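Student: Each protein sequence line maps, in turn, to chains X and B. Just so you know, our numbering puts 49 at position 49 of the first sequence, and the rest follows in order with no gaps. Adding 1000 to a residue's 1-based position in the second sequence gives its number in our numbering.
The set of hints was computed from the structure by calculation and includes no laboratory data.
Residues of chain B clear of chain X, computed beta-carbon distances all greater than 10 Å:
#: 1; residue: D1005
#: 2; residue: V1198
#: 3; residue: Q1324
#: 4; residue: G1335
#: 5; residue: M1389
#: 6; residue: N1408
Now the stretches of chain X that chain B is said to cover, found in silico as 3 or more residues with beta-carbon under 8 Å:
#: 7; region: 79-92
#: 8; region: 136-143
#: 9; region: 149-159
Model, not experiment: these values are computed from the prediction. Using N, Cα and C, we set each Cβ at its ideal position, and we do this for glycine too.
Letter by letter, the chains look like this.
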Amino acid sequence: MFWDKKIETLKPGELRELQLKRLKKTLFQVQHVDFYRNLLSDAGVKPSSIKTLDDIQKIPFTKKQDLRDGYPFGFFAVPMKKVVRIHTTSGTTGKPTVVGYTKRDLDTWANLIARNMTMVGIGENDIFQNMVNYGMFTGGLGFHYGAEKIGMAVIPSATGNTKRQIEMIMDFGVTTIHCTPSYAMHLSEVAEEMNALLDSLKTGIFGAEAWSESVRRSLEKRLGLTAYDSYGISELFGPGVAFECPERDGLHIWHDSYLVEIINPKTGEQLSDGERGELVVTPLVKEAMPLLRYRTGDVTVLMEDGCLCKRGQKISRITGRSDDMLVIRGINVFPSQIEYVLLKIPEVGNQFMVYIDRINHLDEMTVEVEINRDYFSGELADLARLQKKVVKELRDALELRTTVKLVEPGSLPRFEGKAKRVIDRREVI
Amino acid sequence: MKSWDPRIEEMPKEDLQRMQYKLLKSLVYRLYSFSPFYHDRMKEQNVHPDDIRELSDVKKLPFMFKRDLRDNYPDKIFTSTQEELVRYHVSSGTTGKPTVVGYTQNDLNTWTTSLARALTSIGLGRGDVIQVSYGYGLFTGGLGLHYGAERIGATVLPTSVGNTERQIELMQDLGATAIACTPSYLLHIGEVAEKMGVDIKRDTKLRTGILGAEPWTDRMRTRIEDWLGIKAYDIYGTSELSGPMFTECREQKGFHIWSDIALVEIIDPNTGESLESGQKGELTITILQKEALPMIRYRIGDITTRDDEVCACGRTHPRVQRIQGRVDDMLIIRGINVFPSQIEYALMAIPEVGQHFQIVVERKGALDDMLVRVELTKESFSDKINDLMQVRQKVEHRLRNSLNVNVNVELVEPGSLPRFEGKAKRVVDKRSL
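Required output: the full structure, derived from the provided sequences and hints.
Tutor: Take a look at the structure:
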């Protein structure tokens, strides 16, 4: 099943032609962004310097930090009047990364998601329960609009209240769910405790965090559905960038909309097909916020061409990060964000440690931080208040609940070389 | 003033009523033929579609109640097929099963059109950045406003509820010009902003508030407007009608209920009789264009009045005044009917009183006893017992005069009563029934 068969099955030659045309257009669009005008002129690249797709290597990369420096609207290539939506995603420090969309961007994005869902056989007669956060997070509204575009019934259940979620699956005869794989594990356990029979389920879409084949087997068995991996990042619209087809051997990335490179994260050199490296994407169809050679930080491989479903070249499932970003309950967290928050609170010291565990399939983050004696009385009531304050500040900045332990000054490890303040104790799921 | 759809919004009343009659007639025929629920109801009431010969014959039709939705959980009275449904919303029931509302594509479109007209009528448009701080998800507030704001081409900031400090940061940094949320959440945002050293009037571009999902009063409006430097508009709707649908126009004199979408009646909640324009009673709405879950004479339970005059803004559609309370929110204190909104109205006239209050109802012996806990403003909160005594007497006196019942008042420190992100819960009823 295809949503847009012609574009999804373009022959390699035609595809490259389309990509080049769109890349050239993108180079004109980015002229509206100061950052890119300077970047390109410093690199001596003019739109006319791009004659083949390989010429893209003349263009310097765009990093997450660049987006942070452009906060809030520095990367918008259209006037605010044309921007109809703003999403934000975690930044590397206090300020989030802002992503803007024109009306056409929203339509393009919904169509990409419609391609994904159609590819795995989800259609207008399905009943879809969207169990991820709505609001500023792109996962909720992204899939919501894609599913609505296809014309199925959408239950915008968002997160939380697992018992209610299970009741709705049963009462409405839900066929398709979307959530993080860890939430799906949790859901299946609660369903078992409730003795709930979820026999209407057919398809599960799981994304926003890495998950393994063994989790896939377990979810499929416990929930009685077929599980598909979904990939996206907010800077490139959100979900909808790449998705598994029924072969479930790699994710189809939409090459007409995203120009893909795999690079060596250390040297920045392009790698050949089959070599593992960092995914670098140049979106080809974005209006409000075009980007050039955006470094996603996600590590993958461009696979051999020739999928049975006749769509284009796939990437492997994401196997890790080229930077220190953590994904906790589907939320992206940079250790630098945690540091930024803690350093703003004078009552705590500069030393901290972060532990990440998986308890009952859900990620838990514990932050240990040393008290700063100069600002701190030692009263027990003050201690409780301070602890609450740190929890709140972290929650506000990361959108994530954490456990905070205040410890004596001097009790946390010191590092002579590169500090290793984050200990991820989760088994790969 | 610009209208979203001037042809409809400024259509002469007679034409509107002719249109309503046609829509009502075809709705009634459709439901009589295809909906077992409405068929049976009409039979019981001894009314046939042929009996509807003019608009006022709507009175012959049976009422529909919230319990009808609950009794038919989840979708037994839907009149569209599963394939036609594109959305479900679910409102949490206070007891038992929740209320489920289904939507076809046309239903979503009608809902969104209604809000596009409403938001345009308060002067919003393409140049605006609208922060939607209602909850997204199963609650209709978030997605409803989201779609409406998107339809008029504004920039939508889908912040949803919570993380108030981040909301204020984004409001500032991204230049929000309007915010949609509950009035109590805006009060909370205002207070948190003050604590952060952000003066909403001076440091943000916020000019418009679209406030609803709970009853509030004109005096609260005046306070919010003066404090935050915005114009605050009341928005109305319930999930059964689709969601938030109607707002006041710039005149701020009641919500325009679009006649091509809904037929409004005000009825006496006890006798069920239709009341005239200007008379206070229960709002009853027939949605003329709704496919998945039609509503004929739905008794919402909100108490208000209707105004059929043409509005100064030029719109011909009738207005419904601010909701004064709910039939089931009404407290009966020693035999006297009291609405929490009356208490708010009386309190907000007293300058020493802050924005927050709480009503605690208890049964003492055989008598109902009402305690109103009132936060003072920072300026008037002093340690002088005499001053406080005077303020308390003043508040008690004002409340007694406007409610006709004796009320105990307790003055509390600014910031000590609970704050709310969604709907405020100001009444604590400790009476065991």
